[in-house]
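Residue numbers (the numbering used here), protein chains in the order written: chain A, 1 to 271; chain B, 1001 to 1332.
These are computed hints drawn from the structure, not numbers from a lab.
Accuracy of the hints is not assured; some may be wrong.
[What the hints assert, rightly or not] With beta-carbon atoms standing in for the labels, derived distance ranges: (1) K1140(B) x L257(A): 36 to 46 Å; (2) I44(A) x E1238(B): 29 to 39 Å; (3) D1254(B) x D60(A): 52 to 62 Å.
Nothing here was measured: the structure is a model prediction, and the numbers come from that model.
Ideal Cβ positions, reconstructed from N, Cα and C, are used throughout, including at glycine.
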Amino acid sequence: MNENHTVKDQPISRVQSRSRWYRIFLVPISLVTALVLWDVFVKIGDFPPYIFPSPARVWDRLLVSVGDGSLLRNTLYTLVEVLVGLILGVTVATALGYLLAKSLSIERILSPYIIASQAVPIVAVAPLLIRWFGSGSFSKILICSLIVFFPVLVNTVVGLRSVPNELRDLMKSLRATRSQIFRYLEIPAALPIFLGGLRIGATLAVIGAIVGEFVGADRGLGFLINQSRGLYDTAMVFVAIMTLVAMALSLYFSVVLLEKYTLSWNQPQDQ
Amino acid sequence: MDRRKNILLIILFLLILLAACRPVQSQIPTVDIPKVHIRLPMGYIPSVQYAPFYVAHSRGYFEQAGIDLEFDYQLETDGVALVGADDLQFALVSGEQVLLARNQGLPVVYVFAWWQDYPVAVASFTDQDILEPADLAGKKIGLPGLFGANYVGLRALLDFAGLSELDVQLDSIGFTQVDALIAGLDDSVAIYANNEPIQLKSQGYSVDVIRVADYVDLASNGLLTNEITIKENPELVERMVGAILKGLADTMADPDAAFEICKKYIEVWDQENEALYKDILLATMEYWKSDQPGISQPQTWENMQEVLLGMGWLAEPLDLDQAYTNRFVPGN
C-alpha cells in the first residue's frame, strides 16, 4: 500500500516542483528577453543615443545618477508627494464614499459634480493648482489626491453597496449596533472592492505627482525628466521613467500584499 | 528703305515691351529647383514673433526657393533632437540649445542668427526697486523651471552681478510668470523682454525690466540644421536662409503689412488684443535689427559657452566652430 502511494505521489510533486521553478524564473526570463529585444531594436534601428539609448547606456547613466545622489534625492521627494497625496486622497474619498453609499439624496446632489470633475483632465488643472497654491510640495500632493480620489470613491461606494441585505438584517436581528455592523460586516464585505480601487489609485498617484512636477518644480523625478530632456540627456530620461515605473509597481504590490494580509479569509484556493 | 527700317524698329520695340511685360516671378529660377517639403519646428505657439516667416511664406519666398514650408509648433527640444537625428532638416532654436545638443553628440549647426540679442529679462513691479542684476539678491524669482532659455538668461544675470542661486530664491512655477507676479507670489519673474512686460504694461502695471542683453551678449534665436544637410544639400540651406532673409527684410521695412499677414497665420486671433499684438511685434523687431542680418558674432557663442560651463551643463568647452557658421548668409 505504502509503495503504491509513493509511486502515485511522485509525478504530482514533480509537476508542483516544475511549476514552482517556472514561477520563480518567469519574471527574470521575461526581463532579460525584454532587455535583449530593446538592445537589438536599438542596434537594428541604428538609433543615436539622444533618440533611443541602449540598455547599456541607460545602465551607465543609472550608476552615475546613483553615485552623485541625484536619483535618490529626487526619488525620495516624489515618493513623499505620492504617499502623502495617496493618503489624503484615499481618506477623503473613503469618507465621502461612505456618505454617498449611505445616503441616496447626498449621492444625487454630489454625483454630477464628482463625475464632471473627472471629465476635466488633470493636466489642464495642474497649472491652476500651482498658480493658486504655489510651486511647493503642497500643490503636487493635491494633484495626487485629486487623481486618486475618483477610483477609490467609486470602489468604496460599490463595495459598501455590495453588502447583502440579508446579512445586514441578520446583524440587526442580533441587535448589533451601527458601529458593530460597520466593523464586522461592512468593512470586511467592502474591503475586496475597496482595495481594488486602491490598487488603481496607488499607480495613479505616481502619475499625479509627475504631472505636478512637469508643470513647475525644482525637485522630483518629473523635474529630473524635464531637465534631462532640456539637456538632451535621453538616457537620464529613461532612468527617471524606469524609477517611476519601479515606484508604481512597488506601490501596486504593497496593496496586493495588504490584500493578502487583510483578505486571507477571502483568498481563492491555489490549485 | 527708311520704311523697312521703321518697321524693324517698331518690331524691336514691341519685342522689348513684350519681354518687359513678363511676370516678375518667372525671372526667379524656380523651374529647375525640385520642391522640398520642410516641416519647421518653431518652438512656440503661433505668434506675431514669427512675422518674417509668415511674410516669407505669404509672399511666396519659400516657394520660389523650392521649399514647401509647413509650420510645426512643437517643443524646441523635440525639434532639435529631430534635426540632430536628420529626421528634419531645420528648426528654430535658442542659442543655448545648440551647445547643449552638441554636448550630447547631436550633429547640429546654427546657420542663421535671426535675433541679435538674447530676449530673456527679469521683470518686477516698480515698487520693488529691482533695477539692476545686483538688486536681485535675496529676491524670490519665478521662472518656468530650471531649464531652457529663461533659466540660462537668469543665470547669466546672476553671474554678472556676482550672485549665485543661493543668494536668491528660485521659484519654478511653469509658464505662469505674469500671473505669479500679479498675484504677488514672486518679487520678480524671468520672462521674454519682448512679450510679458508688454502684456503687463497693457494691463496698466508699471514694471521694471532688466534685460540680459544689456549686460551679456549671448547667442540668441536662429535657424538650426544638421551636418548631413550641410554636407549633402548645402543649396537647400542657402535657399532657406535666403527666403528667411527676404521675409525679415520685408517685415522690417513694412511692419504694418507684416502685421496684417500675421493675422492669416494665427488661428486664435483676439481682435480686442490687436494693439497688444502690434506692440509685441514692434518690441520684438528691436531684437532683429542688425547691419548684418543673419550673421553670428563669435563673442556671443563664447559668452554662451561660458555661462553653460558655469552652470555645469557643459563639462568642458566645445569646438564652437562646429556649432555655428555664417557661410550660408549671403555675402559671407
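Okay, the hints, checked on the actual structure:
1. K1140(B) x L257(A): 36 to 46 Å: Between K1140(B) and L257(A), where Cβ atoms are some 44 Å apart, the hint holds.
2. I44(A) x E1238(B): 29 to 39 Å: Because 35 Å falls inside the window, the suggested range holds.
3. D1254(B) x D60(A): 52 to 62 Å: 55 Å, holds
Consistency with the previously given hints is maintained throughout, with no hint failing.
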